[in-house]
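Quick note, the sequences are listed as chains A and B, same order.
In this text, residue positions in the first sequence follow my numbering: the first is 1, and each later residue adds one.
In this text, residue positions in the second sequence follow my numbering: the first is 1, and each later residue adds one.
To be clear, the hints were calculated from the coordinates, so they are not data collected in a lab.
Each hint should be verified, as a subset may be incorrect.
[Unchecked claim] DSSO-like, lysine-lysine: derived pairs with alpha carbons at most 27 Å apart:
| hint | chain 1 | residue 1 | chain 2 | residue 2 |
| --- | --- | --- | --- | --- |
| 1 | B | Lys106 | A | Lys85 |
| 2 | A | Lys85 | A | Lys109 |
| 3 | A | Lys109 | A | Lys88 |
| 4 | A | Lys85 | A | Lys132 |
| 5 | B | Lys225 | B | Lys265 |
| 6 | A | Lys88 | B | Lys265 |
Predicted model, so just to flag it, every value in this text is computed and none were measured.
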Amino acid sequence: MPVDTAVRPVRILVAKVGLDGHDRGVKVVARALRDAGYEVIYTGLRQTPEMVVDAALQEDAQVIGLSIHSGAHMTLFPAVVQELKRRKATDIIVFGGGIIPEDDIAALKKRGVAELFTPGTPLQDIVDWLRKRFPRGGS
Amino acid sequence: MSDIELARRFRAGDIRALARAISLVERRDPSVRELEEAPKGSTAEVVGFTGAPGTGKSTLVDALVSLLRKQKKSVAVIATDPNSPFTGGAILGDRIRMQRHALDPKVFIRSMGARGHLGGLSLATREAIRLLGAFGFDQVILETVGVGQSELEVAAVAGTTVVVLTPNLGDGVQMIKAGILEIADIFVVNKADLEGHQRVVMELRGMLSLSAPRAHAAGSPKAWKPPIIPTVAARQEGIEELWAAVEAHRRYLEASGQARELAEKRLKDETAEVVAELAREQARQALGEDAGLTARLMEDGTPYRAAEEIVTRLGRGLKPPAREH
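Turn these sequences into a full structure, and let the hints steer you where they fit.
Spelled out as structure tokens, the structure:
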């Protein structure tokens, strides 16, 4: 069954930033996004914001998904948004997931993170959110 | 990014423009074709890695990138992984093994989904290679999806094809089967720290000793015999030997005149494919627009007469397709 190559699949780069090594969550999300028809580029553990943005540019990703369970989200998520600004790539959307308190979610959204998903979120919610952002694929 | 803006930024060396141009060829958009035209002398040399899933292709590519960077060469990697035939989705995970080259501006890594194409690469691989060459990369490394026995396309695209094997992949009969083992210019036996690697080397030697020398140009000194290189890619062992073999193969292709022959044959083959693509587009258009033709087609119940009629029409002049320049 050939995939329709004329449609541009949304390309999502998912990464673990910082020092935390818990990648089960991000792998489950990656798998769910794959099953929803997205091309997911998984870059692995212990990424710096510079590495994440550099990879997203090379991969022509439209979305960056970050996972963090170490508590450093207030530093690292905005750092990725800043790096996107520095590289003039603010059209790339950043979303995140992990153990993030309510108050922090509001603060992070103010600082340019498009959406945050906490533990227990049904995978379909993430997919639905992406579908809303990209109703016609990645063009 | 408009087409003009994209071209300007591409020529100015903007990585993002290169990445976008590759996305465009991935969806068969012809608007960046002129960017593929390299300035003289700037075509990249291409080496391709293929082998079963889990043989260590990505790790080998990573190790080779390290070596090439020591030699001050700029390197682009195109790493292919499969898309789901059901949803079109994919997990492109080859970058994981290449993390240490992140932030090196002379290394460009692009993950490509095969997007339903079955040869082990994406349909857009050749276009992407030309874009990378035109952008100024010295060396391009291709990594196929994890292949079985008959995904052989890499040999039609790369100058040098490296087939990666590991210990414990099967018995001696696997070695005499047709397909993947026939396309190797170089064999790598990776994970050569594992038990059984010597057996693989021996079986490969046995297999190669039975092979007739591959066809080569008249007057060339002797035929190429694929060398067998044991490596432990995760420990950077055997990589210099591997690169020496790649360079030896390139010298062989030049000296024997095959480099030129191959380039010509490949460009001709690709031209035939582009013609077929253009013709297919025209045929679809004709079949969509022409009710009379459709009626005759349905009456015949076979495609041949309608096809001939379309080809005859094509002979009278192709309509220029949309977006072509």
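Here's how the hints hold up against the structure:
no., hint, verdict
1, B:Lys106 with A:Lys85, "holds, 22 Å"
2, A:Lys85 with A:Lys109, "holds, 16 Å"
3, A:Lys109 with A:Lys88, "holds, 19 Å"
4, A:Lys85 with A:Lys132, "holds, 24 Å"
5, B:Lys225 with B:Lys265, "holds, 22 Å"
6, A:Lys88 with B:Lys265, "violated, 42 Å"
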